[in-house]
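Make the full structure from the sequences, and use the hints.
The primary structure of each chain is shown beneath.
Number of protein chains: 2
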Amino acid sequence: MREEIAIFNECAKRKGLKSTSQRALILKTFLGSTSHYSTEELYLKIRKNNPKIGYATVHRALKLFAECGIATELDFGDGQTRFEPLRGDQHHDHLVCTSCGSIIEFTEPKIEELQELVAAKYGFKINRHRHELYGICANCTAIASN
Amino acid sequence: MREEIAIFNECAKRKGLKSTSQRALILKTFLGSTSHYSTEELYLKIRKNNPKIGYATVHRALKLFAECGIATELDFGDGQTRFEPLRGDQHHDHLVCTSCGSIIEFTEPKIEELQELVAAKYGFKINRHRHELYGICANCTAIASN
DNA sequence: TTAAAAATGAAAATGATATTCAGAAAGTAA
DNA sequence: TTACTTTCTGAATATCATTTTCATTTTTAA
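Chains as they are written, first to last, in my numbering: chain A, 66 to 211; chain B, 66 to 211.
Because the hints were derived from the structure by calculation, they are not lab data. Just so it is clear, CB atoms sit at the ideal spot from N, CA and C, and this is done for glycine as well. Among these hints, one or two may not hold up.
Unchecked claim - So the derived list for chain A, only partly shown, Cβ under 10 Å to chain B, looks like this:
id, residue
1, A77
2, R79
3, L82
4, L160
5, L179
6, C202
Stated by the list, open to error - Anything over 12 Å on all C-beta distances counts as not near chain B; from chain A, calculated:
id, residue
7, N74
8, K117
9, Y120
This is the structure in structure tokens:
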């Protein structure tokens with residue numbers, strides 16, 4: 066978290082941005098969670114303790130975090146863009162439970178390698194990718210079989 | 066194409082839908098292309114020869130095709146839902162060129178297998194997935210290096 | 001042919017995201 | 001500090017794809 070704040074501050078400085086209490090609060094709340102927040106969700110969470118903060122401010126901050134490389138935008142097809150803190154650790158993809166909405170992160174280096182081979186076959190240069198598996202998580206399966 | 070029309074007709078019958086010339090035209094145009102149409106694009110294409118057809122009709126038809134299992138909804142993150150004819154053949158994923166917008170379909174059974182292994186590890190049941198590789202296609206790379 | 005049900009197309013509604021704008025706050029230089 | 005410039009904020013509004021409404025037309029079954 067310290068590191069992400071440092072990265073953001075460096076980026077903000079480079080862009081000539083000013084530092085404000087609102088943005089600091091949004092950043093802290095965002096980094097201090099393991100959730101995959103939509104703008105709406107983060108806005109509501111922050112609003113509980115800071116009723117004066119505006120939706121647009123949260124929205125702008127999240128877009129800014131993505132620009133500065135400390136957040137990734139996710140789209141799980143429910144019409145809401147989500148944001149995830151992008152820590153220094155390795156890339157991961159997602160299992161998305163369509164029943165309860167829970168998200169499991171996974172990594173599979175072999176898949177990444179195969180992706181590269183596929184791209185190479187077509188002379189295609191991959192910049193980024195999206196790999197999401199939608200279905201029912203173990204917990205929901207257990208509940209359903211009761 | 067014949068087969069998809071049959072599948073659709075069966076589905077329409079099951080749903081108690083009536084058959085109309087508009088829907089037949091939309092279906093024919095949709096199946097007779099290899100494109101990945103957005104509603105807008107298909108609407109404009111059809112409109113050239115049939116200026117009376119409405120946007121909403123095209124939209125409703127595409128959603129219906131997806132429901133009946135002869136089309137897949139795609140989202141390449143450009144804010145437009147695209148539709149692809151889902152033929153009897155095997156599942157495929159996509160390489161999306163962010164420079165020219167071209168789309169290459171690929172299949173890699175080994176990735177599919179690995180996906181299943183990942184899911185199994187978490188007791189997760191996959192219903193569907195999305196795997197897209199974004200980058201620059203061979204053609205655009207060639208153009209850029211001129 | 002007629003009545004019931006569904007389809008169409010234009011217009012309006014919806015909902016997430018993005019922008020505008022006036023006032024507030026932060027940074028800068030003296 | 002003060003004056004000045006730039007950015008930020010928050011409310012309201014705009015945008016844009018998608019969806020729905022509704023009056024009218026078309027299809028279908030009896």
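To see whether the hints hold, each was checked on the structure:
1. The criterion of a C-beta within 10 Å of any C-beta in chain B is not met by A77 of chain A, whose closest approach is roughly 26 Å, and the hint is violated.
2. Hint on R79 of chain A is violated. Least Cβ distance to chain B is approximately 24 Å, over the 10 Å limit.
3. The interface hint given for L82 of chain A is broken, as the beta carbon of that residue sits about 26 Å from the closest beta carbon of chain B, more than 10 Å.
4. Of the supplied interface hints, the one on L160 of chain A holds, with its beta-carbon coming within about 5 Å of a beta-carbon of chain B, less than 10 Å.
5. Interface restraint check for L179 of chain A: the shortest CB-CB distance to chain B comes to about 5 Å, inside 10 Å, so the restraint holds.
6. Here the hint on C202 of chain A is kept, as its CB sits about 5 Å from the closest CB of chain B, short of 10 Å.
7. For N74 of chain A, the condition that its CB be more than 12 Å from all CB atoms of chain B holds, with the nearest at approximately 29 Å.
8. The beta carbon of K117 of chain A sits about 31 Å from the closest Cβ of chain B, which is more than 12 Å, so the claim that it is off the interface holds.
9. Every beta carbon of chain B lies more than 12 Å from that of Y120 of chain A, the smallest distance being close to 20 Å; the non-interface claim holds.
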